[in-house]
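Student: Here are the chains, one letter per residue:
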Amino acid sequence: MKFLWPIAWSLLGLALPVILFYLIRQRLRTKSVTTLLFWENLAPKVHNLPLWRKLRRLVSLLLQLLLLALIVTAVARPILPGQSTVASSLILLLDPSVTMAAQSGAGTRWQDAKNTALHRIDAMGFGDEATVILAGDPPRVLSPWTGRRGDLRQVIEAAQIAPTVTDIRPALSLAQNLVLSHPGAAIELISDTVWSVPPDKDSLSRVKLDLIGSGVTNSGITLFSARPLPAGAGEYQLAIKIEQNTATPINGELTLTQNGHLMDVLQVTVPPGQPWQKFWRAQSMDAVVFTAQWKPQGEDGFANDQQATAHLEPVREIKVTLVSAPNPFLEVALGSQTLVKVQRVFPAPAPGDTADLTIFNDTLPPAGWTGKNTVLINPPQSGFWGERVGPNDKPLVSEADKDAPLMRFAEVNDVQLHSATEFKPAAGAHVYVDSFGKPLIYGHWESNPRWLVIAFDLDQSDFVFRTAFPILCANMVQALRPDAITDTSDVPGPVATQLKQMAAKSGASAQIEQPATGHWWVAIPFWWWFACAALLLLLIEWSLYTRRITE
Amino acid sequence: MAATAIDALFDREFLKRLEALSLAARQLVRGRMKAERRSSARGSSVEFAEYRPFTEGDDWRYIDWNAFARWRQLVLKLFIEEEDLYIHFLLDGTASMNWGEPVKFDYARQVVAGLGYLGLSNLDRVSVIPLGSEPLQWWLPSRGRERFLPLLHYLAALPVIGAGAHLETATRKWLTMKPRRGLVVVVSDLWGSDRGDALRAMDRIRYARHELAVIQVMDEAEQTAGAAGEYELVDTEYGHRRKVILDRASAKEFDDNFQHYQETVRAYCRRHRVPLLQINTRLPVFDLLLKSLRQGGFVR
Numbered sequence: 000m001k002f003l004w005p006i007a008w009s010l011l012g013l014a015l016p017v018i019l020f021y022l023i024r025q026r027l028r029t030k031s032v033t034t035l036l037f038w039e040n041l042a043p044k045v046h047n048l049p050l051w052r053k054l055r056r057l058v059s060l061l062l063q064l065l066l067l068a069l070i071v072t073a074v075a076r077p078i079l080p081g082q083s084t085v086a087s088s089l090i091l092l093l094d095p096s097v098t099m100a101a102q103s104g105a106g107t108r109w110q111d112a113k114n115t116a117l118h119r120i121d122a123m124g125f126g127d128e129a130t131v132i133l134a135g136d137p138p139r140v141l142s143p144w145t146g147r148r149g150d151l152r153q154v155i156e157a158a159q160i161a162p163t164v165t166d167i168r169p170a171l172s173l174a175q176n177l178v179l180s181h182p183g184a185a186i187e188l189i190s191d192t193v194w195s196v197p198p199d200k201d202s203l204s205r206v207k208l209d210l211i212g213s214g215v216t217n218s219g220i221t222l223f224s225a226r227p228l229p230a231g232a233g234e235y236q237l238a239i240k241i242e243q244n245t246a247t248p249i250n251g252e253l254t255l256t257q258n259g260h261l262m263d264v265l266q267v268t269v270p271p272g273q274p275w276q277k278f279w280r281a282q283s284m285d286a287v288v289f290t291a292q293w294k295p296q297g298e299d300g301f302a303n304d305q306q307a308t309a310h311l312e313p314v315r316e317i318k319v320t321l322v323s324a325p326n327p328f329l330e331v332a333l334g335s336q337t338l339v340k341v342q343r344v345f346p347a348p349a350p351g352d353t354a355d356l357t358i359f360n361d362t363l364p365p366a367g368w369t370g371k372n373t374v375l376i377n378p379p380q381s382g383f384w385g386e387r388v389g390p391n392d393k394p395l396v397s398e399a400d401k402d403a404p405l406m407r408f409a410e411v412n413d414v415q416l417h418s419a420t421e422f423k424p425a426a427g428a429h430v431y432v433d434s435f436g437k438p439l440i441y442g443h444w445e446s447n448p449r450w451l452v453i454a455f456d457l458d459q460s461d462f463v464f465r466t467a468f469p470i471l472c473a474n475m476v477q478a479l480r481p482d483a484i485t486d487t488s489d490v491p492g493p494v495a496t497q498l499k500q501m502a503a504k505s506g507a508s509a510q511i512e513q514p515a516t517g518h519w520w521v522a523i524p525f526w527w528w529f530a531c532a533a534l535l536l537l538l539i540e541w542s543l544y545t546r547r548i549t550e
Numbered sequence: 000m001a002a003t004a005i006d007a008l009f010d011r012e013f014l015k016r017l018e019a020l021s022l023a024a025r026q027l028v029r030g031r032m033k034a035e036r037r038s039s040a041r042g043s044s045v046e047f048a049e050y051r052p053f054t055e056g057d058d059w060r061y062i063d064w065n066a067f068a069r070w071r072q073l074v075l076k077l078f079i080e081e082e083d084l085y086i087h088f089l090l091d092g093t094a095s096m097n098w099g100e101p102v103k104f105d106y107a108r109q110v111v112a113g114l115g116y117l118g119l120s121n122l123d124r125v126s127v128i129p130l131g132s133e134p135l136q137w138w139l140p141s142r143g144r145e146r147f148l149p150l151l152h153y154l155a156a157l158p159v160i161g162a163g164a165h166l167e168t169a170t171r172k173w174l175t176m177k178p179r180r181g182l183v184v185v186v187s188d189l190w191g192s193d194r195g196d197a198l199r200a201m202d203r204i205r206y207a208r209h210e211l212a213v214i215q216v217m218d219e220a221e222q223t224a225g226a227a228g229e230y231e232l233v234d235t236e237y238g239h240r241r242k243v244i245l246d247r248a249s250a251k252e253f254d255d256n257f258q259h260y261q262e263t264v265r266a267y268c269r270r271h272r273v274p275l276l277q278i279n280t281r282l283p284v285f286d287l288l289l290k291s292l293r294q295g296g297f298v299r
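Quick note, the sequences are listed as chains S and D, same order. Okay, so the first sequence: first residue is 0 according to numbering that gives the first Met the number 0, each after it adds one. Okay, so the second sequence: first residue is 0 according to numbering that gives the first Met the number 0, each after it adds one.
A portion of the hints provided could be inaccurate.
As the list claims (entries may be wrong) - Simulated pairs of lysine-lysine, BS3-like, Cα-Cα distance not exceeding 30 angstroms:
1. S:Lys30 to D:Lys177
2. S:Lys401 to S:Lys277
3. S:Lys318 to S:Lys401
4. D:Lys290 to D:Lys15
5. D:Lys242 to S:Lys30
Don't read these hints as lab results, they were simulated from the structure. This one's a predicted model, so the numbers in the text were calculated from it and none came from an experiment.
Extracted from the complex, chain S is given alone in its bound form (with noise of 0.2 angstroms):
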């Protein structure tokens, strides 16, 4: 046996001390008194003690000193062979995935991780010293370099676990910078391995990986989404998706609520190896909070993900200012939309005005315009939109994208047009309808600052009498809405409900270890029993000490 601490032999010393004590405290009290005459004939008197009693003081100091020499041994920190006597650094990775919420044994495999890394911990030598990272996107440092192991206890009994399956990559990374500062320390990776990008092999190399928790059987919900849909003010689409990660199907109940009402239930199967997705169409001008909740039927090992929630932002009003000369087509098609408010100025909108959408018909914006979505229609002159090139005299509708959310429904190929202008766009624009390469209808629509410009006259032109223009005006409307964006559910996603640990096959160099499963008292530092002994012998002196007075 070693010790790490040796010199505190020296503390012996203190036998010579104790056995003095035990002389001095042998010496009888003095006590006065006025009379000794009734205490004559009183037994036991001290010369009279039996030979056992006397041995019992003689046992009463061995015990002193065994416990003294306890103490001393415990001090002296004793090490087992095979253990290391060199201080030793180590940074300690706790991987805080949202898998690591499913079962494990009897707890969670988050519960294993953490009584790993105590474990770690309480294995540390004397002046050994380590680091705590939660391995989260971004890394965290839990605890600096110490080498107080109550301190570092507690960081990790305080650790949390993340709400989505983290990356695990910055967080090597950092432990791989933290080794430079200190050479030779030891990484350590307590997680799953289910991350949602797997790191290369260079990353875990040189990094002891504690594989924790097995393969469990889950499904839940990986997708739920409500998204606004651009065909009528109010209009929205509900989308869930539901998967599972067995090679059978599983049956549970999809519970839906409205605002707090039941929407629907349904008994769903899962198939193995595909989702299970339902969408619904409604609308709604309210906001709206959707949940669902997802109960499959036998064991399943990852409750997180069979709960979800989307929110429906109410539809506002959208006012537009049509910078414009009467022009009741452009006035028509845009105030006939619900929930918008069209006010028409002329010859250019008052300052301050707070429109969410500003048209200028054959005009051009102020010096200086800032306004947050604008729309040119046949701007005279070159401007930020673009440079102007010249007339394009009867020109033909070549291309339209379709794809384009501003042009979907919008059919623009037979259009008959008179006169146009030809720009060359500005940077960043995209061109939705185009004549030979002379844009037509070009802008930046999908995206702030939006920006359009129809380069024609509408009055030179059969647009304002087909179908395709108060399409046109509505998908231009429409897009303007700040709810227009999908608000789908924070769930922990399909990597996360699949399960799959990946060390295998990406950790090649790896080398993964299971957590030790020892009894508790495996993990008690050796010390420890020492002091218990030590603890134990004090209360058996004392006993000894007390009855001998006493009985």
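For this one, chain S is given, so just place chain D on it according to the hints.
Tutor: Here is chain D on its own, set in the frame of chain S:
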């Protein structure tokens, strides 16, 4: 440590309460007149005692001529003489009294002062004999209330006698001085050199034809063995040492010994009709004095 300053031992409150006690004593000892008590001496009074043959030198005025006419013999008619009572306070001043809280010797001196005041107020002759002092320096019999203040000074100046005093020896030494017979009040803890020392001392007093009364003064801590442990006991009076292990059994044995000794003293006093008060110093002095008045035998 026993007090030596008179103010510390007998404060103003003590003296004030003594006066009240004196009034109470007159009510309790109802019907008695000053210096009224029987005496073994014969003298002039109205109460007939006996006849005695006339001898030469006798006062012829006391010849009973009626008896001469009947018996034809000269006889003297004797009457019970009324005289002052002598009250001797035997105050135990041995080292064992210098102990406790309050100190037993202080307590005993206050008791003597209180009873002495009652005696002086009653025109009795009061003396105080500090048992154990060598040579014996006692307060000679004095009479009258004006002697009370000197008595207090005397008591306050009394030292605790050194170790090794025997109650019987000290009593015998006082008796050899042939004090006038009277009432002897022993104020002591009765811890002698052995269990019979105090009883022998009381025997000697009785044999000298004194009336005897005993006040046994004890400290509460003396009546129990105390906390368990190993001790070397030191007798404060004789310096004897004894090593003991004090446990439950030995504490019970101590208690038995103590109770047996106390019962022995009580039995002695019952047998010889000796008034006895066994008190500990927790009892206020004036309560003790009132108790002594009610019980009787300590003052007249």
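Student: Each hint should be assessed against the structure and marked as holding or not.
Tutor: Status of each hint after checking the structure:
Distance restraint check for Lys30 (chain S) and Lys177 (chain D): the Cα-Cα separation of roughly 41 angstroms exceeds the 30 angstroms cut-off, and the hinted pair is therefore not satisfied. For a cut-off of 30 angstroms, the pair hint linking Lys401 (chain S) to Lys277 (chain S) stands: about 26 angstroms separates their Cα positions. A hinted pair counts as satisfied when its Cα atoms are at most 30 angstroms apart, and Lys318 (chain S) with Lys401 (chain S) qualifies at roughly 27 angstroms. Under the criterion of a C-alpha separation no larger than 30 angstroms, the hint pairing Lys290 (chain D) with Lys15 (chain D) is consistent with the structure, at around 18 angstroms.
Taking the CA atoms of Lys242 (chain D) and Lys30 (chain S), the gap is about 10 angstroms. The hint holds against a cut of 30 angstroms.
Hint violations for this structure: number 1 only, all remaining hints satisfied.
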